[in-house]
Amino acid sequence: MSTPVHPTNTQEFLKGLWKENPMLVQLLGLCPVLAVTNSVINGIAMGLATFFVLLSSNIVISLLKNIIPKQIRIAGYIVIIATAVTIADIFLKANFLSISKALGPFIPLIVVNCLILGRAEAFASKNTVVKSFFDALGMGTGFTFGLIVLSSIREILGNGTWLGVPILGEWFQPWLIMILPPGAFLTMGFLIAAMQKIKERKNG
Amino acid sequence: MNKSLILRMIIVLVAITFLSALLLSITWSLSISKIKLNEQKVLETALYELNPTAAKYDRKTIQDTIFYQMYDQQDQFISYAFIADGSGFQANIKTLVSVDPTLTKILGIRILEQSETPGLGTKIMDASFLNEFVGLILNYTKKVPLSYSKSVSDKKHGVIKAITGATISSRAVVNLINQKITKIKPFLKKEAI
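Residue numbers (the numbering used here), protein chains in the order written: chain A, 1 to 204; chain B, 205 to 397.
Please note: incorrect hints may appear among the correct ones.
[To be verified] Sample of chain B residues facing chain A (criterion: CB under 7 Å; computed from the structure):
1. R212
2. V216
3. L217
4. L227
5. S229
6. T231
7. K238
8. G369
Rather than coming from a laboratory, the hints here were simulated on the basis of the structure. Remember, predicted model here, so these are calculated numbers, not experimental data. Glycine residues also receive a C-beta, built at the ideal position from the N, C-alpha and C atoms.
Go ahead and model the full structure; you've got the sequences and the hints to work with.
The structure is reproduced here in structure tokens:
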């Protein structure tokens, strides 16, 4: 068994899924989380775009960590992150126009998602490329997973559909509030509470 | 701070920005043709969706104003279409509007571009909202031919029902169509004769 001081790659990956889930535990990047999760497809697209940006910025930053002087590291990181975000934005515009249109300004806004800069500053700038890769993989998966759960609850209750497919019958009166901003905060609160409850039980 | 550190900071930052710009311009040049093609496709699909009987269209420009004339298979002129764009809730909204040759009835509209709030303002692209405009009679006796109501639509008098939770976006669409129709009307009337 490895000591906590030197976690294995698998542990670096797994921590992002549950123990340090960026959305439900670290509460990072909540602006896009709350804003775009009114439909599952938006949640998935946002999650994957963030995943891509996180992965590429973590790799590049961990590669350059000894070259960038620490006085200008934030400026350097932001340029790297913004480049990845713009590439993701152009890619979506060229290949997935309808998703790009649905997400509108929230794709460019990934630049200021504190999850990305947070991982760059707290992890990639201090760890090897391989470790940073697994860290981004875990954090990205955890973030995407959180977005899918949140957007599923909101779309089902707020619109009666999942991924655009009606799953609740005609009898169902959609709770409009769930796809409006208050629905995001309410669902988010319940999700965090549920997660804490499960953790508490586990720890006895 | 010594001189070599300052020099190093400048060199590193310039190098990073240079490489980023290079990478972005490569990505852009690889995607631009696809993006342009997408835009053209979106426009054409919308034109033919709004005019199912149309077989071809002509793009015309009169004094910087672009509009499209739709023809059916017998080369009969059946309708006009024009792009109306302007500010929405957050950024520009670009709509395509098709009207009958007498400019009294809207055949339908499509949203080509928008950056409204996802899930709220983006509902201006939903069929239920777009259908509000199908067969809408333009009311030229009023100050503006189109208007909106929060509760009920009145197609015979140019009134559409705004989307609950997205009144600003709904109003923006109505406003920009109004502006464009008022501006384009004199040209189209001349063109029709």
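Checklist entry - Against which earlier hints does the structure fall short, listed by number upward? => result The structure breaks only hint 5.
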